[in-house]
Amino acid sequence: MDPHATTFGVHSRKMAMWVFIASECMFFGSLIATYLSYEGKSLVGPTPEEILNIPLTSVSTFVLLMSSLAMVLALDAVQTGDRRSARLWLGAVIVLGGLFLGGQVYEFNHFYHEGLTLQQNLFGATFFVLTGFHGAHVTVGVIWMITLLVMSLRGRLGPERSLDVEVAGLYWHFVDVVWIVIFTVVYLIQ
Amino acid sequence: MAERAAPESSKGHASKSMYWLIAVILGILTMLEVAVFYVPLLHSVIVPILLVLSTAKFALVAMFFMHLKFDKPILTTLFAGGIIVATAIILSMMLLFGTIGPGAHM
Amino acid sequence: MSAQAMTATGHGSVYSGDLRSWLTTVDHKRIGVLYGISALFYFVVGGVEALIIRLQLASADGAVVGADTFNQLFTMHGTTMVFLVLMPLSAALFNYMIPLMIGARDVAFPRLNAFSFWTFLFGSLLLNLSFFVGDPPDAGWFGYANLTSRQYNPGMGIDFWILSVQIMGIASIASAVNFTVTILNMRAPGMSLMRMPLFVWMALIVQVLMLLAFPPITVAFIYLLFDRFFGTHFYIPDAGGTPILWQHLFWIFGHPEVYILILPSFGVVSEVLPTFSRKPLFGAPFMIFSGILIGFLGFGVWSHHMFTTGLGAVADTAFSLGTMLIAIPTGVKIFNWIATLWGGHIHFKTPLYFAVGMVGLFIIGGLSGIMHASPPVDIQQHDTYFVVAHLHYVFFGGTVFGLFAGVYYWWPKITGRMIGEGLGKLHFWLMFIGMNLTFFPMHFLGMDGMPRRIYTYAADLGWERWNLIATVGAFVIAVSVLVFFVNAVRSVWAGERAGGDPWDAATLEWTMSSPPPEYNFAVVPAVNSARPFWLHKYGPTRDISTRTKEEGTPSQPETPPERIDLPSPSGWPILAALGLSLIGGGALVGLWLVLIGVAVLVFGVYRWAFQPLERLGHPSFGPAPGGGR
Numbered sequence: 001m002d003p004h005a006t007t008f009g010v011h012s013r014k015m016a017m018w019v020f021i022a023s024e025c026m027f028f029g030s031l032i033a034t035y036l037s038y039e040g041k042s043l044v045g046p047t048p049e050e051i052l053n054i055p056l057t058s059v060s061t062f063v064l065l066m067s068s069l070a071m072v073l074a075l076d077a078v079q080t081g082d083r084r085s086a087r088l089w090l091g092a093v094i095v096l097g098g099l100f101l102g103g104q105v106y107e108f109n110h111f112y113h114e115g116l117t118l119q120q121n122l123f124g125a126t127f128f129v130l131t132g133f134h135g136a137h138v139t140v141g142v143i144w145m146i147t148l149l150v151m152s153l154r155g156r157l158g159p160e161r162s163l164d165v166e167v168a169g170l171y172w173h174f175v176d177v178v179w180i181v182i183f184t185v186v187y188l189i190q
Numbered sequence: 191m192a193e194r195a196a197p198e199s200s201k202g203h204a205s206k207s208m209y210w211l212i213a214v215i216l217g218i219l220t221m222l223e224v225a226v227f228y229v230p231l232l233h234s235v236i237v238p239i240l241l242v243l244s245t246a247k248f249a250l251v252a253m254f255f256m257h258l259k260f261d262k263p264i265l266t267t268l269f270a271g272g273i274i275v276a277t278a279i280i281l282s283m284m285l286l287f288g289t290i291g292p293g294a295h296m
Numbered sequence: 297m298s299a300q301a302m303t304a305t306g307h308g309s310v311y312s313g314d315l316r317s318w319l320t321t322v323d324h325k326r327i328g329v330l331y332g333i334s335a336l337f338y339f340v341v342g343g344v345e346a347l348i349i350r351l352q353l354a355s356a357d358g359a360v361v362g363a364d365t366f367n368q369l370f371t372m373h374g375t376t377m378v379f380l381v382l383m384p385l386s387a388a389l390f391n392y393m394i395p396l397m398i399g400a401r402d403v404a405f406p407r408l409n410a411f412s413f414w415t416f417l418f419g420s421l422l423l424n425l426s427f428f429v430g431d432p433p434d435a436g437w438f439g440y441a442n443l444t445s446r447q448y449n450p451g452m453g454i455d456f457w458i459l460s461v462q463i464m465g466i467a468s469i470a471s472a473v474n475f476t477v478t479i480l481n482m483r484a485p486g487m488s489l490m491r492m493p494l495f496v497w498m499a500l501i502v503q504v505l506m507l508l509a510f511p512p513i514t515v516a517f518i519y520l521l522f523d524r525f526f527g528t529h530f531y532i533p534d535a536g537g538t539p540i541l542w543q544h545l546f547w548i549f550g551h552p553e554v555y556i557l558i559l560p561s562f563g564v565v566s567e568v569l570p571t572f573s574r575k576p577l578f579g580a581p582f583m584i585f586s587g588i589l590i591g592f593l594g595f596g597v598w599s600h601h602m603f604t605t606g607l608g609a610v611a612d613t614a615f616s617l618g619t620m621l622i623a624i625p626t627g628v629k630i631f632n633w634i635a636t637l638w639g640g641h642i643h644f645k646t647p648l649y650f651a652v653g654m655v656g657l658f659i660i661g662g663l664s665g666i667m668h669a670s671p672p673v674d675i676q677q678h679d680t681y682f683v684v685a686h687l688h689y690v691f692f693g694g695t696v697f698g699l700f701a702g703v704y705y706w707w708p709k710i711t712g713r714m715i716g717e718g719l720g721k722l723h724f725w726l727m728f729i730g731m732n733l734t735f736f737p738m739h740f741l742g743m744d745g746m747p748r749r750i751y752t753y754a755a756d757l758g759w760e761r762w763n764l765i766a767t768v769g770a771f772v773i774a775v776s777v778l779v780f781f782v783n784a785v786r787s788v789w790a791g792e793r794a795g796g797d798p799w800d801a802a803t804l805e806w807t808m809s810s811p812p813p814e815y816n817f818a819v820v821p822a823v824n825s826a827r828p829f830w831l832h833k834y835g836p837t838r839d840i841s842t843r844t845k846e847e848g849t850p851s852q853p854e855t856p857p858e859r860i861d862l863p864s865p866s867g868w869p870i871l872a873a874l875g876l877s878l879i880g881g882g883a884l885v886g887l888w889l890v891l892i893g894v895a896v897l898v899f900g901v902y903r904w905a906f907q908p909l910e911r912l913g914h915p916s917f918g919p920a921p922g923g924g925r
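Residue numbers (the numbering used here), protein chains in the order written: chain A, 1 to 190; chain V, 191 to 296; chain X, 297 to 925.
Just to be clear, a hint being listed does not mean it is correct.
[Unchecked claim] Partial chain A-side listing against chain X, Cβ under 10 Å, derived:
#1 Thr7
#2 His11
#3 Ser30
#4 Leu31
#5 Pro46
#6 Ile51
#7 Phe108
#8 Phe111
#9 His113
#10 Gly115
#11 Gln119
#12 Thr139
Calculated directly from the structure, the hints in this document are not laboratory data.
Glycine included, C-beta positions come from ideal geometry on N, C-alpha and C.
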């Protein structure tokens, strides 16, 4: 089982994450397709125009984008053996990801009190399932990053494990990229 | 693909300062998107503008943060395959449900 | 655990070991056998369900089962055959043969492979558990909304169905990631994509289809679960939703799914016909590109299952065109198979019978399919037995016959024994006759207006004669399956021992002993041709029709010249699979069980992630480092 000779010259685990990402495109694609197909078809309010908070969501979008920056800097640090920076930047990913999730929780809670629930109308159903599953993916990512941070704190995340960090990073960036799409088609294009 | 290749060492790689620059550009693009949202004059063309801006953000993250620009093309092919089919499904469903297309009531 | 000794002939050592060794195996060959045994077991289960259906319909005003039971039977029959038989039987062949055919020692992620099998198995048990609680699903294998809503289907049957199929879907996606990477990234040196065997090509396309098609049904299931458990209205018209959303999402999955089901058989036929015609596959590049085209176009035709839902003329036309287009690459394949046989030196063995049978029966299924492609014609045929005829010609005549061709073809390699030619041919003829007796009359019944999924019919409709014949045919099929099992048991018990290359075939899986040693290849082969073993045996000639090979050793050495290390067995994949299944089953029991499932899953995944692939005492073969044993 020679890990070094692969037909395409790409590490198999890295290729596997990209293959999984391609599949996830269809998962989020189906959720987005349904959101857009049901858009405007709710029989009762609240409607997106009434309830979506663009300023708040713009900030959380920015936060998530910056977490991707932190992620590539963390990977760079692990690859060069810079342990302090690796921990710093992994911690930043976690904090920024946590901030994003906090924003989502606040938003969901606020919407709930404004009368937008899963059951209220089609907007509520499609919105919460789409953004909820996105949030669940971010949560898995944060847990993954915490695991990596703990490994780093224990001195177990040297350059020889940079592939693990790279693969985690791909997952994280993908979740970010999905949010770019959601922010555009759900929040900005109404 | 006749020969086995050694896994890629970073042949071509973005530098740390490049990453910061990309992050700044992403921030600017986001601000532009939000600005377009708030400028009533642009609302007739808001959809194409936003699609272009968000595609640019998507591409920057994919090419630089996800390293596709410097990786073997097979990875881009895999990602592109998923994106293309997903986009086709989204557009088809929107057409079938009347969200876009002739007689759309958006 | 010391290095395992390799018997001189390699017989059986790959399967030896206790129950624990099977529960913790990460060897693709064992996992393939596990899938195969499970699939054949469920083939009998699904077949019995079909026999009861046929007994009920054999005469008018049938009284064998009532209406509710009948609905449960056809639901379980369809769900079982698609997800518990056809897909796992394909998975069995993929698992066993793909690493061998590409010159690899295992798949890219052996533990993920094990996880996929156990997840599938637990999911299949969850589905059948519904029988034991007296509440099997009853809304068809395609579960149309809003028959599946909590309002119209308040029991647990639909929940069993959603959760078990979803769990099995996760197994499929995991498998698809695994095999996509394996096929792309683990080929032997010199095996370019265009030199890859057709079976592996079809498998690759199937993996890509699974990756892209299962997420939409996952989303459909999520929406249905939310409607049923949390009171959302995704499929509820009263709130602005529509049941048609379910149909779209289901068929965006469902249509690629039927190509997932048929392409493996296409791949088998493309391996079997050349071997038993003793000439290369005609137009191999065209076979590859047509397979790719079928896979790609398969995503654009889903609403041909929905011509009666009022999509509108534009949509109907678009999907109709796409459906007709798919006939072109399919036709290319059929002509190329015929051209492969043409002028060949035919060896009339059982695998060939099933492969040729597949082609002929699939043509019939394809012809009825092409009729369905036309919306005005389909509107008459939809929901009649004409469709039942079509789908069984392609699934039974196509997939089952093709997969049996693969089973007979690779039987010697997998078991190390030959399987009886006499009984094999008897199996074929009985199954062929039975299949046609059962399903051909359904074309007439459909044209005559007999609807699908009715539990009985009145005597004055004139449907009794064909229904009776169909029932007789079903029992002929059952006898044929019995013949197969007798043949299989006889073979494994006392069959003639098979050498590495009983069919004088062209591809890498025949270059080592039968069954293969645990490490597959003592020496990773270098590949210079799409038919590497024929090249090795006969030199660079396309015409081997009149050649016979000299008796000789397989091209692989008996023992490895250099040390080979294999992954250790692991118990974490089965534990993680159990955790996932407890989450699914827990949804039917209570939050507490779901949480236990989450804990087990997370624990299993973490232990798996931090466990090295090769641990102390892992299987190793060949000389110890530094020489000697």
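Hints and how they fare:
no.: 1; hint: Thr7; result: holds, 5 Å
no.: 2; hint: His11; result: holds, 9 Å
no.: 3; hint: Ser30; result: holds, 4 Å
no.: 4; hint: Leu31; result: holds, 6 Å
no.: 5; hint: Pro46; result: violated, 14 Å
no.: 6; hint: Ile51; result: violated, 17 Å
no.: 7; hint: Phe108; result: violated, 14 Å
no.: 8; hint: Phe111; result: violated, 15 Å
no.: 9; hint: His113; result: violated, 18 Å
no.: 10; hint: Gly115; result: violated, 15 Å
no.: 11; hint: Gln119; result: holds, 5 Å
no.: 12; hint: Thr139; result: violated, 12 Å
Checked against the numbered hints given earlier, this structure breaks hints 5, 6, 7, 8, 9, 10 and 12; the rest are met.
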